[in-house]
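Engineer: Letter by letter, the chains look like this.
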Amino acid sequence: MAWKAPGGSERPAPGPCPRPRLPLAPPADEYSILFGTGDRVVEMEDAEVENLAISISSDVDAEFDAVIGHIEDIIMDEEFQVLQRHFMDKYYLEFENTEENKLSYTSIFQEYVDLLEKYIEQQLIERIPTFNMATFITSLQQHKDEISGDIFDMLLTFTDFLAFKEMFLDYRMEKEGHGLDFSGDLIVTSLSKSSSLSPASNNIRPFQ
Amino acid sequence: MDFLCFRTLCCKGPPSPRTEYDVVCVGLTGSGKSSLLTQLCSESTDSIIPTTGFRIKAVPFQNAILNVKELGGADNIRKYWSRYYQGSQGVVFVLDSASSEDDLETARNELHSALQHPQLCTLPFLILANHQDKPAARSLQEIKKYFELEPLARGQRWILQPCSVENMDAVKEGFNQFINLLEEIDQEHTPGRL
Numbered sequence: 001m002a003w004k005a006p007g008g009s010e011r012p013a014p015g016p017c018p019r020p021r022l023p024l025a026p027p028a029d030e031y032s033i034l035f036g037t038g039d040r041v042v043e044m045e046d047a048e049v050e051n052l053a054i055s056i057s058s059d060v061d062a063e064f065d066a067v068i069g070h071i072e073d074i075i076m077d078e079e080f081q082v083l084q085r086h087f088m089d090k091y092y093l094e095f096e097n098t099e100e101n102k103l104s105y106t107s108i109f110q111e112y113v114d115l116l117e118k119y120i121e122q123q124l125i126e127r128i129p130t131f132n133m134a135t136f137i138t139s140l141q142q143h144k145d146e147i148s149g150d151i152f153d154m155l156l157t158f159t160d161f162l163a164f165k166e167m168f169l170d171y172r173m174e175k176e177g178h179g180l181d182f183s184g185d186l187i188v189t190s191l192s193k194s195s196s197l198s199p200a201s202n203n204i205r206p207f208q
Numbered sequence: 001m002d003f004l005c006f007r008t009l010c011c012k013g014p015p016s017p018r019t020e021y022d023v024v025c026v027g028l029t030g031s032g033k034s035s036l037l038t039q040l041c042s043e044s045t046d047s048i049i050p051t052t053g054f055r056i057k058a059v060p061f062q063n064a065i066l067n068v069k070e071l072g073g074a075d076n077i078r079k080y081w082s083r084y085y086q087g088s089q090g091v092v093f094v095l096d097s098a099s100s101e102d103d104l105e106t107a108r109n110e111l112h113s114a115l116q117h118p119q120l121c122t123l124p125f126l127i128l129a130n131h132q133d134k135p136a137a138r139s140l141q142e143i144k145k146y147f148e149l150e151p152l153a154r155g156q157r158w159i160l161q162p163c164s165v166e167n168m169d170a171v172k173e174g175f176n177q178f179i180n181l182l183e184e185i186d187q188e189h190t191p192g193r194l
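Protein chains in written order, with this note's numbering: chain A, 1 to 208; chain B, 1 to 194.
Derived from the structure by calculation, the hints contain no laboratory data.
Treat the hints with caution; some may be incorrect.
What the hints assert, rightly or not - Below, in silico cross-link-like pairs of lysine-lysine (DSSO-like), each with a Cα-Cα straight-line distance of 30 angstroms or less: (1) A:Lys118 x B:Lys57; (2) A:Lys144 x B:Lys57; (3) B:Lys79 x A:Lys90; (4) A:Lys90 x B:Lys57; (5) A:Lys175 x A:Lys102; (6) B:Lys172 x B:Lys57; (7) B:Lys57 x A:Lys175; (8) A:Lys165 x B:Lys57; (9) B:Lys134 x B:Lys145; (10) B:Lys172 x B:Lys145.
Predicted, not measured: the structure shown is a model, and the values here were computed from it.
For reference, chain B alone in the conformation it holds in the complex (with noise of 0.2 angstroms):
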């Protein structure tokens, strides 16, 4: 069975005035995806330990939600990261801005691959160089030129953002822009459609 068909299932209540999109969250292990998503739904993230399965959580804006399905990134484990693909409109992908340089290089080959899978690559990225906060924190110019993002990603539709849970009104800037996206391909896909 189709797995979107039941979206409009699941609340049985009155239908939310929100649009809701399906959006997988991935990047190393320590790049703060959970910290990021946690602070997104105001809880506290006091208890947060690196992720070794994944998570799904419902994360409200303020013009639609996201559910995002959020996978841990340790070695051993972004070897799954593929079989949660199916299904999602966009991706989110969370980097370490102050992190060794081995590891910049590392995220860089899991953003060029996620940039490049099949299910993926049609699909706008949300890319958060988290971590802002930290003096050893590369600038944005920096990562998008060490990243080739002009270069790889081209003909597709990405967000570079730089941020820290320190300034969630950043990260907030970058998903919102990341909502537009979603939207202007959701109308695109429905033409006729007001």
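One chain only, chain A, in its complex shape (with noise of 0.2 angstroms):
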């Protein structure tokens, strides 16, 4: 699982207007549609089916799309960003790939939620002041399948210490990559015969 900073280029910026965001399950075999983001399949026969299978759906369900499509726009927000960016900074050097995991990985986890899954929540009861975590996460179970990849990483950070670490980890090797100077690694050699130029006495490293 990459992490990558959710949004970015690619999403049409949040507009005034409520979408369906999420596929609703088909009632049918009459209606093939499905909505998505990132890698889901989208197909749309045509606007009225679309209207139809809004209508459909229950008031439970629109309170949770409601509650997902607020949690894209807060984690897309600048002021998320940073405050992940730099908490992600603070510690990622701490964090090898390696299966033992050290004792201070649970307490920065500890951090972490404490920091931004209480931040996204604070976001929350401010735009849906009805809004309540522990209804909130029935509804999850229960639409699991319908939550784009990016929002479903993210909460499972929160939870899943393995997907927690696995971020950091990401990161890291980011981070790390970008730093890395390639420039003494790659000599153009002639393969003329006057270069004599033999194994030991070149420069080039093994890739790693």
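Using the supplied hints, reconstruct the complex from the two chains, each of which is provided in its own coordinate frame.
Structural biologist: Dropping the structure here:
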């Protein structure tokens, strides 16, 4: 699972009108409508069918969709991204790609949840005063196949330690990958007879 | 958020037919926790060194998958064990049957602490009397008596299984019985479920 800033340039800017973002369970095989983001297939029969599908969904579903929509907005927002990036920068060097976990990972995990999950919860309550985390979690179970990959990955890092660890490892790889200097590793060598470089004297090191 | 609620979200593929249980695995350093768990996953035990942190391993059995949180057992790490108890449905305690008297006493104290810990005292315990292949290993009866399991763990569900890495069948037998206990408890908590 690659860590990447959720959203980025591929997503349309959130508009003022709510739009159906999540696939609704097809009532029969008459409709082959699937909505989705990311790597899900997007097909639309026609606008009429889309409207009919929306009216079928219940209030609870609509509430759930609204929360997901807000979460997308919150995590795409600059404030959250800065918060997250600062946190990752503070600790990414602590994480190593080994099966064994350091005890420190646990306290960092706790701090991560306290900082970022609570931030999202606060933001949700500001947007939806009646928001209830417990209700949302129950809905999450039922709609788990409908959530886009980015949101799902983000939410998973708050509860699944291994997902959290992988997020840090991916971040570290990105940070350190950009930092490597390859300029000394590649040398163009002439293959003409006049050049007689022996393998020992060239500077090409095995790619790691 | 409730840690357990996301368990089913982790697998995006077809759901596994086997139930999963979260268990914690503790014991003194050198008792053989890492070795046993590694062998159960059919991985090589050649490069095992003392655990200084913790591991999370999904160990497959016929009827269930155990998500085992294994903690290092050195003196300086044991004080952190209780931080990892949250969310556990069972406890695996590994002891070295052939250890010195002092170490055996320390193991007994740790086992008693675990049995009485508020987050673990209602959970089933699988106690693995490991290193049975060594000449100095105490027998099953001796261990049971020394660890005072009958008086102390009264009212609790536990299994005492002698074993060694040379005899993985005994290890699996112990775990299978342990899984039966976990299943029983699961059913007790969800009445009306078939």
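Engineer: Are the hints correct? Go through all of them and say.
Structural biologist: Quick rundown of the hints versus the structure:
1. A:Lys118 x B:Lys57: It holds: about 29 angstroms lies between the C-alpha atoms, which stays within 30 angstroms.
2. A:Lys144 x B:Lys57: holds (24 angstroms)
3. B:Lys79 x A:Lys90: holds (26 angstroms)
4. A:Lys90 x B:Lys57: Answer holds: lysine 90 of chain A to lysine 57 of chain B is near 28 angstroms, not above 30 angstroms.
5. A:Lys175 x A:Lys102: holds (21 angstroms)
6. B:Lys172 x B:Lys57: Holds - the C-alpha atoms of lysine 57 of chain B and lysine 172 of chain B are around 16 angstroms apart, at most 30 angstroms.
7. B:Lys57 x A:Lys175: Since the Cα atoms of lysine 57 of chain B and lysine 175 of chain A sit roughly 28 angstroms apart, the hinted pair holds (cutoff 30 angstroms).
8. A:Lys165 x B:Lys57: Within the cut-off at roughly 14 angstroms; holds.
9. B:Lys134 x B:Lys145: holds (20 angstroms)
10. B:Lys172 x B:Lys145: holds (24 angstroms)
Comparing the model with each numbered hint stated earlier shows that all of them hold.
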